[in-house]
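Chains as they are written, first to last, in the UniProt record's numbering: chain A, 1 to 330; chain B, 1 to 194.
These are calculated hints, taken from the structure and not from any lab test.
Values in this document were obtained by computation on a predicted structure and should not be read as measured data.
In this text, a Cβ means the ideal position worked out from N, Cα and C, and glycines have one as well.
Wrong hints could be hidden among the right ones.
With a cut-off of at most 20 Å between alpha-carbon atoms, the simulated SDA-like pairs for lysine to any residue come out as follows [said to hold, decoys possible]:
1. Lys93/B x Asn296/A
2. Lys93/B x Gly301/A
3. Lys9/B x Leu107/B
4. Lys9/B x Glu266/A
5. Lys53/B x Ser108/B
6. Lys16/B x Gln305/A
7. Lys9/B x Cys265/A
8. Lys304/A x Ala99/B
9. Lys9/B x Cys288/A
10. Lys190/B x Ala164/B
11. Lys93/B x Gln305/A
12. Lys103/B x Gly301/A
13. Lys93/B x Gly297/A
14. Lys16/B x Cys265/A
15. Lys93/B x Glu294/A
16. Lys290/A x Gly60/B
17. Lys103/B x Asp133/B
18. Lys290/A x Gly61/B
19. Lys93/B x Arg303/A
20. Lys304/A x Ser97/B
21. Lys290/A x Gly85/B
22. Lys304/A x Gln95/B
23. Lys93/B x Arg291/A
Going by beta-carbon spacing under 10 Å, a handful of chain B positions derived as facing chain A [what the hints assert, rightly or not]:
24. Ser5
25. Arg6
26. Gly61
27. Pro63
28. Phe64
29. Glu65
30. Leu100
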Amino acid sequence: MDVISNSKDANKKKRVNRSAKLKQSKLDVRREQWLSQVKNKGSKEENKGGVGAKVPVSDMHEGNEGGRGVAIAKLVISAVGEENENEGLLMSDWDSPSNSPTSNMSCSLASNMSNRSVINFAGSSCRSSTSSSGGCGCFYSDMTEEDDGDDGCLDDWEAIADALAAEDVKNECENKTDENENENGVEMSFESETERVKEGVVEDREKVNCRAWRPDDAYRPQGLPNLLKQNSFPMNSDRHYGGGTVWGFKNVGMSLAPLTCPICCEDLDLTDSSFLPCPCGYRLCLFCYKRIFEDNGRCPGCRKQYEQPDQGNANAALKLARSYSMIPRR
Amino acid sequence: MVDFSRVQKELQECNKDINVSGISVNPKSDNLSNLIGTITGPVGTPYEGGTFKIDIDLPGGYPFEPPKMKFATKVWHPNISSQSGAICLDILKDQWSPALTIKTALLSIQALLSAPAPDDPQDAVVAQQYLKDYQTFANTARYWTESFAKTSSAGVEEKVGKLAEMGFPEALVRTTLEAVGGDENLALEKLLSG
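Chain B extracted, bound-state conformation (with noise of 0.2 Å):
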C-alpha cells in the first residue's frame, strides 16, 4: 500500500516551487499511484525549450521501493530508449534510497538529459551516434524535441507541409527537418543550398 500522506505532502511540496523549478507533478487519476510529472529541457543542451512528460508509477512499497518512471514524450537519449521511454538511472533502481522523492527523482532525470552517460546506454543505437557522430546525434535530438516536447510551436507536420508546398519533395523536406534540428528556416537555406 502506498504511503498516501506522504505522496499528498510530495505534490504539494513540489507545486510549490513549480516556477523555479520547471518541475510538476500531478495525479494522473485520483488514487494517487498513477502520476504525470513534467520537466523542462535544460538551457544549452538539445533539448532545451521542450517539455518532457514522465510517466510515474508508484508501487507498493514506495517510498521504500523506488517509483516505477518513463518517458511518456519520445526523447532522443543514450540513457532513455527511443521506443518505450524507459530510464535508465541508477537511483530508479538499486540506487533508491526513502530519502528520495519524486522530486528529486525527476531532478535527476533533468540532470541526465544534460549529461547523459552513453558508456552505460538504455538505447544502443542512440549512444552509438552520441560517440562516433556528435553533431548528428544533437541535430536528431533538437529534432525530436523540436517535434514532440513542444507543444507551443507550430508541429512537425505544418512546417512539413509548408515547406513541400514550396515545391521541396516531402521525403526530402522531412530528413532536412531532421537534420537541422526541427528549425524550419535552417531546413530551407540547407534545401536551398543543397
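Just chain A, with the same shape it has in the complex (with noise of 0.2 Å):
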C-alpha cells in the first residue's frame, strides 16, 4: 500500500506539468514502438545478462500511461521502501528526462543508493538499452542536483522533444533500410548511436543549451558519430533510399572511383563516381555508359556483356546512385 501510494505521490507532483506530460506520453509511444522493434531483435543479447529484469520493465511500458519513468519509479520505489528528500529530486528528474536512455536514470540511481536490487536492475537495463557509454552514471547524478525547478523541466522536454523528433524521423529511415536489408548489426549500432546522441542533447542543454556536442567539445565521446557526416546525411525520408546502404557505398566509392572517366576523359560526378555498372568494377560516366549499352553493350574493362538494366544490377546501381546524388546538394 505504501508504494501505490508514493506512486501516487510522484505522479501529482508531476500532473504540474500536464500539457507537457501529454505531449511526452505521446513520444513514449512513439518511441517504444521502435524500441520494441529492435528489442525483438536484440533480446537474445539481453538476455545474456541472466539478470531478467527486462521483461518486468518493458510489461510495465505498456500497462502504464505515463511511461518509463513512472514505471521505474514504481519499481525503485517498491524496492527500497521510504527515501529521503533527494528521491524526490530524482522523481522531477525523471519527468523531464524520460525520454533519455533508461541506462541513464538508472545509472544515476546506483550512484545515490547502495541498493542492491537497484543496481542489478541498473545493470540490466544498460544492457537493454545497449549503451556503451561508460561515464553516463556520474555525469547524470551531477544533473540531478542541479535540476529542480519546473521551468527547467519545461526547457529540457522542449530541447528533448526537438531532438526525438529529428531522430524519429531518422528512425523511419532506419525502418526503411531494415527492410532493405535485414542486418542486426547494423540496426544495433545505429541504435546505440542514437542513444548517444540524445545523451548529447541532454548535456549539451545543461551548457550551451543550443546544440548537440560541439565537435571541438572536450567533453564529447570518442565513440560519438560525426555531427558534420550526420547533418549532410539527408533527414526527410522521401528520397532516400536505403540510408545505411548509401552511407556504406558512398565510403567505398569515393575511395575507389577514379577523378576522370576513362572513356572521355571528363571529370566523374558524385553520381559518376558512385556508379558501378559492371561486377568487374570498371567505372565510367553515364554518358559513355549510355553510348556503350547503346552499340554494342560490353563493359570496356572485361568485354563483358552489361546486364539488362530492367532486371540487372545496373539499374540498382543507377538508383543507388541517384539517390546518393541527392545528399551533397542539400
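Fit the two chains together into the complex; they arrive one by one in their own frames, and the hints show the way.
Printed below as a string of C-alpha cells:
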C-alpha cells in the first residue's frame, strides 16, 4: 500500500506539467514502438545478462500511461521503500528526461543508492538499451542535483522533444533500411549511436543550451558519430533509398573511384563515381555508359556484356547513384 | 565527331614516356584525326633496330570505334600486308574497347611484330614463307627492316652501289643483300664465297 500511495504522490507532482506530459506520453509511445522493434531483434543478447529485469520493465511500459519514468519510479520504490528528499529530486528529474535512455536514469540511481536490487536493475537496463557509454552515471548524478525546477523541466522537454522528433525521422529512415536489408549488426550500432546522440543533447542543454556536442567539445565522447556527417545525411525519408547502404556505398565508392572518366576524360561527378555498372569494377561516366550500352553493350574493362538494366544490377546501381547524388546538394 | 579532349590527353600521355616506350604519336595535320605513330622494332626479332611509321586515322566515333591503323613503312610480316601495310589485329577490329588508347594499340602492334600469327594471315605469301622456310622469312624481314625502317644507316641503294663497284652484277648484289637481311659485310662474304 505504501508503494501505491508513494507512486500516486509522485504522479501528482508530475501532473503539474500536465500538457508537457501529454505530449511526452505521445513521444513515449512512438519511442516504444521502435524500441520494441529493436528488442525483438536484440532480445537474445539482452537475456545473456541473466538478470531478467528487462521483461517486467517492458511490461510496465505497456501498462502504464506515464511511460518509462513512472514505471521505473514504481519499481525502485517497491525495492527500496521509503526514501529521503533526494529521491524526490530524482523523481522530478525522471519526469523531465524520461525520453532519455533508461540506462542513464538507472545509472544515476545506482550512484545515489547502494541497494543491491537497484544496482542489478541498473545493470540489466544498461544492457537492454545497448548503451555503451561508461561515464554517464556520474554525469547524471550531477545533473540531478542541479535540476529541480519546473521551468527547467519545460525547457528540457522542448530540447529533448526536438531531438527526438529529428530522431524519429531518422528511425523511419532506418526502418526503411531494415526492410531492404535485415542486418542486425547495422541496426544495433545505429541504435547505440542515437542513444549517444541523445545523451549529447541532454548534456548540451546544461552547457550551451542550443546544440548537441560541438566538434571541439572536450567532453564529447570518442564514440560519438561525426556530427558533420550526420548533418549531411538527409533527414526527410521521401527521397531516401536505403540509408545505410548509401552511406556505406559512398565510403567505398569515393575511395576507389577515378577522378575522370577513362573513356571521355571528363571529370566524374558524384553520380558517376558511385556508379558501378559491371561486377569487374570498371567505372565510367553515365554518358559513355549509355553510348556503349546502346552500341554493343560490352564493358570496356572486361568485354563482358552489360546486364540488362531492367532486372540487372546496373539499374540498382543507377538508383543508388541517383539517390546518393541528392545528398551533397542539400 | 572525334572526342578531341581525349585525343589531346592521349597525345600528352604518350609523349611523356617516349624514351622508355619508344612509341610516339604526332598529329599529321592540325585537326587531330590524322596522326602518325612510330614504334621501334622489338629486340631479338628481324625488325630490331627499325623505326616503323604507322598511319592513324581516327573515325568519328572514336573512342567507341577503333582507330584505323596501317603501316606507312613497308614491313615483311605474316599479319601485315606487304603491299598496303594493312594490319590484321583483333583489337583494331571486333575486340576494340573504348578503354584502349592509341598508345595501347601501338603497343599491341609492337607485340604483334615479335609474335606473328601465321595461322591468321593478312599476307598469304609471307605467311607461307614463315611456315615453310623460316630462315628465308627472317632474312627477308631483316632486309626490309634494313631497307625501309632504318633512316640513320646508309640506304640500300648506297650499299648496292658500293658492292656493284667491286665488280658484282647489280641484280646479284640486290638478291644477296636481301637474302642476308641487308647486312653489307654478310652480303660481301656470300658474294665472295659463291
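We went through each hint and held it up to the structure:
1. Lys93/B x Asn296/A: This hinted pair holds, its Cα atoms lying about 13 Å apart.
2. Lys93/B x Gly301/A: Holds. Lysine 93/B to glycine 301/A sits at ~17 Å (cutoff 20 Å).
3. Lys9/B x Leu107/B: holds, 17 Å
4. Lys9/B x Glu266/A: Within the cut-off at roughly 11 Å; holds.
5. Lys53/B x Ser108/B: holds, 14 Å
6. Lys16/B x Gln305/A: violated, 34 Å
7. Lys9/B x Cys265/A: holds, 8 Å
8. Lys304/A x Ala99/B: Distance of about 13 Å is within 20 Å: holds.
9. Lys9/B x Cys288/A: holds, 17 Å
10. Lys190/B x Ala164/B: Answer holds: lysine 190/B to alanine 164/B is near 14 Å, not above 20 Å.
11. Lys93/B x Gln305/A: holds, 17 Å
12. Lys103/B x Gly301/A: With Cα atoms ~16 Å apart, lysine 103/B and glycine 301/A stay inside 20 Å; holds.
13. Lys93/B x Gly297/A: Holds, at about 16 Å.
14. Lys16/B x Cys265/A: holds, 17 Å
15. Lys93/B x Glu294/A: holds, 18 Å
16. Lys290/A x Gly60/B: This hinted pair holds, its Cα atoms lying about 17 Å apart.
17. Lys103/B x Asp133/B: violated, 33 Å
18. Lys290/A x Gly61/B: Cα-Cα ~14 Å, so holds.
19. Lys93/B x Arg303/A: holds, 14 Å
20. Lys304/A x Ser97/B: holds, 11 Å
21. Lys290/A x Gly85/B: violated, 35 Å
22. Lys304/A x Gln95/B: holds, 11 Å
23. Lys93/B x Arg291/A: Judged against 20 Å, a Cα distance of about 18 Å means the pair holds.
24. Ser5: holds, 6 Å
25. Arg6: With a closest approach of 5 Å, the arginine 6/B hint holds.
26. Gly61: holds, 9 Å
27. Pro63: Where the cut-off is 10 Å and the nearest Cβ of chain A is about 6 Å from proline 63/B, the hint holds.
28. Phe64: holds, 6 Å
29. Glu65: OK, holds: glutamate 65/B within 10 Å of chain A, min 9 Å.
30. Leu100: holds, 8 Å
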